[in-house]
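Asks: Listed below are the residues making up each chain.
Protein chains: 2
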Amino acid sequence: MAENLTTILKQKANNLRIHSIVSTSEAGSGHPTTCMSAADIVSALFFHAMRYDPQNSNHPNNDRFILSKGHAAPVLYAAWAEAGIISVDDLLTLRRIDSDLEGHPTPRLEWIDVATGSLGQGLSIGVGMALNGKCLDKSDYRVYVLLGDGEAAEGGVWEAVALAAHYKLSNLIGIVDVNGMGQSQHTMCGSDIESYCRRFEAFGWKAIGIDGHNLDEILSALNEAKATEDRPTMIIARTFKGKGVSFLENKEGWHGKTIPKGEQLDTALTELGPLTTDRNFEIEKPAEPAIVAEPKIDEVALPDYQIGEAVATRSGYGAGLAKLGDANPLVVALDGDVKNSTYADQFMAKHSDRYFEMFIAEQNLVGAGIGLSKCGKIPFVSSFAAFLLRAGDHIRMSAISQANIKYVGSHCGVSIGEDGPSQMGLEDLAIFRALPGSVVLYPSDAVAAERLVAGAAAYKGIAYIRTSRPATPVIYSNDEQFPIGGSKVVRSSDRDQVTVIGAGVTLHEALQAYEALKAEDISIRVIDLYSIKPVDTETILSAAAATNDTLLTVEDHYPEGGLGDAVLGAVGSQGLKIHKLAVNGLPRSGKPDELMELHGISAACIVRKVKEIA
Amino acid sequence: MAENLTTILKQKANNLRIHSIVSTSEAGSGHPTTCMSAADIVSALFFHAMRYDPQNSNHPNNDRFILSKGHAAPVLYAAWAEAGIISVDDLLTLRRIDSDLEGHPTPRLEWIDVATGSLGQGLSIGVGMALNGKCLDKSDYRVYVLLGDGEAAEGGVWEAVALAAHYKLSNLIGIVDVNGMGQSQHTMCGSDIESYCRRFEAFGWKAIGIDGHNLDEILSALNEAKATEDRPTMIIARTFKGKGVSFLENKEGWHGKTIPKGEQLDTALTELGPLTTDRNFEIEKPAEPAIVAEPKIDEVALPDYQIGEAVATRSGYGAGLAKLGDANPLVVALDGDVKNSTYADQFMAKHSDRYFEMFIAEQNLVGAGIGLSKCGKIPFVSSFAAFLLRAGDHIRMSAISQANIKYVGSHCGVSIGEDGPSQMGLEDLAIFRALPGSVVLYPSDAVAAERLVAGAAAYKGIAYIRTSRPATPVIYSNDEQFPIGGSKVVRSSDRDQVTVIGAGVTLHEALQAYEALKAEDISIRVIDLYSIKPVDTETILSAAAATNDTLLTVEDHYPEGGLGDAVLGAVGSQGLKIHKLAVNGLPRSGKPDELMELHGISAACIVRKVKEIA
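As you go down the protein sequences, you meet chains Z and R in turn. The numbers in the numbering used here rise by one with no breaks, and the one at position 120 of the first sequence is 190. The numbers in the numbering used here rise by one with no breaks, and the one at position 60 of the second sequence is 130.
Hints in this document: simulated from the structure, not taken from any laboratory. Keep in mind that a hint or two might mislead.
Copies of the same chain are indistinguishable here, so a pair counts whether it falls within one copy or spans any two.
In silico DSS-like links for lysine-lysine, alpha-carbon gap of 30 Å or less [unchecked claim]: (1) Lys-647 - Lys-681; (2) Lys-355 - Lys-420; (3) Lys-420 - Lys-204; (4) Lys-679 - Lys-647; (5) Lys-661 - Lys-327; (6) Lys-321 - Lys-80; (7) Lys-681 - Lys-80; (8) Lys-366 - Lys-321; (9) Lys-327 - Lys-420; (10) Lys-661 - Lys-321; (11) Lys-366 - Lys-208.
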């Protein structure tokens with residue numbers, strides 16, 4: 071390795087250390103010592119190994135960098151400053167309310183695709199981006215993921231590791247910054263580089279152990295990783311937290327602590343020496359992009375059902391997703407080994423090149439979906455609604471990442487029947503409603519399911535579609551429209567005493583209740599609230615006004631956080647009387663109809679409640 | 071190995087296959103082929119290797135068995151029938167609404183501690199039970215966990231694997247039933263037993279690869295596992311789904327399918343032959359339990375603060391947990407490498423023998439906590455509120471398991487400040503409210519925090535305590551009581567125009583708003599809703615009646631699923647006017663006060679809103 075190159079990169083690493091310390095001391099909070107263990111690695115990546123155009127964050131062939139150990143954000147910002155992407159002065163605005171240089175990286179910043187800061191997610195994001203590069207865009211970009219060693223305890227990391235090896239993602243290169251220390255104590259493996267290497271190798275990666283402060287070793291490892299064509303590579307770098315400053319290096323008690331201004335800061339800066347201002351490194355440009363025609367996006371074909379035909383909304387999802395795939399080449403699908411239950415397999419049958427089997431590993435399922443969304447694809451990520459909760463934190467972070475990702479949870483509610491509560495999604499609406507900017511859609515028939523799939527794809531941002539297991543009658547004609555934020559008043563008269571609001575299976579229970587009540591000369595209005603978020607406040611208010619201000623919500627979901635709460639939240643300030651039926655108690659195995667009756671959401675329960683409150 | 075023993079166990083395994091097929095065919099649903107791959111293993115465990123007393127499910131020294139591949143429930147029930155725990159006729163009630171033999175095991179059954187069926191959780195539960203046996207009860211029981219191979223892709227499994235090796239849990243023995251097939255296709259590793267062995271060995275386990283249908287090999291491996299004293303053991307068993315019936319064995323398309331009654335069922339039963347009814351095996355009894363005195367449980371010492379003293383509720387949690395540990399020897403604590411932020415380290419300092427560091431692996435943190443709770447301990451499981459969501463599915467299952475477990479989420483809301491949104495818990499109330507039987511507690515000062523810790527321990531079931539990062543003034547006297555389901559009316563007069571309901575930091579914002587409004591001669595009632603679930607409906611209704619039916623809720627949480635929705639859900643049918651302030655938009659880094667203002671929950675925001683709605 072040219073001595074000159076190593077010297078230059080060492081100088082840049084030193085600059086990164088200086089910036090990390092200065093910016094965090096100015097902010098009064100942050101993680102300088104964790105930045106300092108990574109500085110040599112970041113220098114080698116940003117000023118030599120990675121190919122990217124600092125003038126163009128959107129260049130399709132830029133190598134990607136994901137700072138999985140997101141609390142090292144200051145060293146990333148410092149690298150941008152050294153690369154000329156931002157100014158050095160900008161670094162002093164770290165963590166201020168009016169600065170985009172936040173405590174952990176978010177995509178308010180041009181050069182950040184995904185938010186990090188919740189450890190253990192970055193490698194999954196990288197898997198998604200690597201899948202895109204290898205399988206979809208056929209680009210030669212590489213994806214580099216910098217992880218901490220403490221975060222390697224996160225199971226999500228090992229989901230990504232297993233899948234990346236299985237799909238031979240040689241364009242994925244990880245680096246673990248093994249400084250031996252977590253937040254509150256030493257890690258399990260400490261500085262045992264060999265142990266890490268054995269683990270990654272056992273999972274099918276190439277593993278290279280190095281001294282993470284020796285730039286020759288770092289560069290050599292990166293070269294070896296780039297030359298490895300049949301598997302991903304993990305570089306395991308032995309480092310020291312606080313490297314470069316004597317009173318910080320490998321000392322306990324400095325995680326998340328800044329160096330106080332005054333004597334300590336002065337000492338640290340004196341030890342590190344002055345910034346070197348020579349801009350004497352070359353960043354390799356990415357390959358010229360192929361001329362790619364704008365993808366041709368057609369109208370999605372309409373549904374083709376008969377009114378009254380019994381079709382599960384999960385089947386409607388499968389059909390709708392396949393049609394969407396026909397119309398839109400940007401749509402991809404991912405599923406967690408339940409594709410024959412979610413019916414994602416219908417998409418796979420027609421567009422196998424855009425379907426990714428992610429196996430029983432939901433955190434990586436979601437993380438990879440986020441990564442694909444940040445490569446311009448429109449991912450539909452499916453599993454049982456209950457199992458999507460396994461990826462709850464990844465889903466939370468996808469909102470902070472402002473990802474254009476669509477989640478699909480099947481087998482919602484007690485209506486799945488005999489498989490019992492472990493398989494029932496009963497709290498999924500609560501979590502998906504609580505994501506800023508999300509829309510939450512709950513079709514009642516197969517027509518609605520198909521149209522909402524198309525609607526979700528057209529929506530820019532997170533969409534959640536909730537599907538049911540049992541077959542239910544088709545009630546809408548094939549050309550019915552389902553705008554997000556709308557609803558359907560399916561039964562209405564001048565004599566309605568109560569407005570009953572349901573969705574999914576409970577919409578059908580409400581229709582049965584309507585008939586039973588009609589036979590007793592009691593009239594109800596029935597609303598299909600297929601858009602749980604945003605809610606059609608206007609229609610609900612006008613229905614309430616026509617029905618003695620009395621609403622009854624019914625849902626195949628726990629009482630907390632779902633359809634009822636959505637209605638309450640929308641119109642709760644209006645002095646209405648809003649009653650809620652939802653799954654009461656802890657469910658169990660049984661036939662769907664028996665369970666709906668037992669847990670308070672059947673047609674008979676609706677009839678009883680209407681009579682009580684009318 | 072005595073030929074007689076092997077023959078007997080083979081016969082029993084055959085019985086298990088017969089029962090699995092018959093019961094699922096009768097039920098019309100279930101997973102017989104997955105039962106059949108496990109039958110020889112289950113036979114070896116239940117009729118030879120495990121020590122337990124079939125007459126006494128509560129014997130403290132019983133070996134534990136966790137069916138992590140919970141969809142194989144029928145084979146477990148079949149083992150109980152063969153062991154005389156239930157009757158063979160009972161098996162025909164599988165999945166009926168009036169039978170406790172549910173589709174996946176739940177603790178409605180005497181011999182089930184934890185519900186399984188959401189794959190990848192069983193090994194963590196086992197870790198908790200093993201920790202209890204080795205470190206707390208000093209019992210010689212072993213914990214056996216039967217996993218599927220598809221579920222070994224779940225990251226949660228590898229969190230448990232890493233920690234079990236780190237703590238040298240040699241009393242934990244896992245068996246992976248490697249039948250090569252997941253639900254919808256073959257697994258990543260197929261039948262590559264060696265690959266599995268390498269992975270477990272790399273993580274520090276003993277790994278033994280065997281033919282999972284050869285009882286000599288099974289017994290030999292179990293003996294070797296029992297004799298291994300310095301590390302846990304994973305037995306990797308090559309098996310075939312549907313083993314024993316020609317048209318099922320290793321055939322695609324039979325996952326989750328029952329054998330139709332009639333010709334196919336008859337053929338299968340003919341191939342398997344008749345049940346053998348000799349009860350010619352001996353189940354080894356567990357060691358006689360030591361005489362253990364009932365644990366002495368004292369009153370928890372009271373808080374000791376001054377009114378006005380600035381103390382964060384997370385600090386109150388730390389102090390309260392340490393005092394609880396002094397008073398109650400059953401209390402244990404677990405944390406995910408943030409103990410110096412959650413202040414679980416205060417418990418660790420006083421009761422290090424009852425503190426378990428679980429590292430950055432929240433799924434295993436929660437799973438092990440569940441396991442410990444099922445050993446009679448009272449676990450307090452803490453991390454940042456945002457990161458508990460990483461274990462969302464384990465938390466969901468803990469409710470189905472009816473676990474007596476306490477969750478503690480710190481760093482809630484935008485009030486954490488500069489670290490930014492990746493670290494902020496903003497949807498945690500939504501998920502914890504949606505657990506059947508849970509209580510959700512949100513102290514506003516350190517006195518309340520300490521008392522609610524004690525209250526949570528006394529409560530039988532899931533409790534969630536939400537703590538804040540910033541220091542807030544102590545407002546309650548040290549002897550104040552905080553009953554679950556109660557609230558505190560902290561400001562009240564005859565002239566109140568609006569009732570403002572807050573908790574945590576927003577209670578303090580409400581108190582500041584009170585002062586500002588008072589200066590303008592506007593009087594508000596202020597309620598501290600420290601019990602978010604159950605909600606103090608009575609107090610809220612009487613306050614509403616006194617304040618023009620007008621309520622304003624304020625919370626450091628997203629609008630969906632939190633304090634506001636809790637109030638709306640409780641009193642929404644009463645025709646009140648309920649307004650909600652919550653964190654609007656996607657948060658960012660900044661100072662706590664700036665963020666509360668920017669996102670709509672500060673004192674100034676409350677003042678503005680009160681004036682608008684009064």
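Asks: Are the hints correct? Go through all of them and say.
Replies: Taking the hints in turn, this is what the structure says about them:
{"no.": "1", "hint": "Lys-647 - Lys-681", "verdict": "both (14 Å within a copy, 24 Å between copies)"}
{"no.": "2", "hint": "Lys-355 - Lys-420", "verdict": "neither (37 Å within a copy, 57 Å between copies)"}
{"no.": "3", "hint": "Lys-420 - Lys-204", "verdict": "within (20 Å within a copy, 54 Å between copies)"}
{"no.": "4", "hint": "Lys-679 - Lys-647", "verdict": "both (13 Å within a copy, 23 Å between copies)"}
{"no.": "5", "hint": "Lys-661 - Lys-327", "verdict": "between (57 Å within a copy, 17 Å between copies)"}
{"no.": "6", "hint": "Lys-321 - Lys-80", "verdict": "within (22 Å within a copy, 59 Å between copies)"}
{"no.": "7", "hint": "Lys-681 - Lys-80", "verdict": "neither (78 Å within a copy, 60 Å between copies)"}
{"no.": "8", "hint": "Lys-366 - Lys-321", "verdict": "neither (57 Å within a copy, 41 Å between copies)"}
{"no.": "9", "hint": "Lys-327 - Lys-420", "verdict": "between (54 Å within a copy, 25 Å between copies)"}
{"no.": "10", "hint": "Lys-661 - Lys-321", "verdict": "between (61 Å within a copy, 28 Å between copies)"}
{"no.": "11", "hint": "Lys-366 - Lys-208", "verdict": "within (18 Å within a copy, 67 Å between copies)"}
Violated hints, in rising order: 2, 7 and 8; the structure is consistent with all others.
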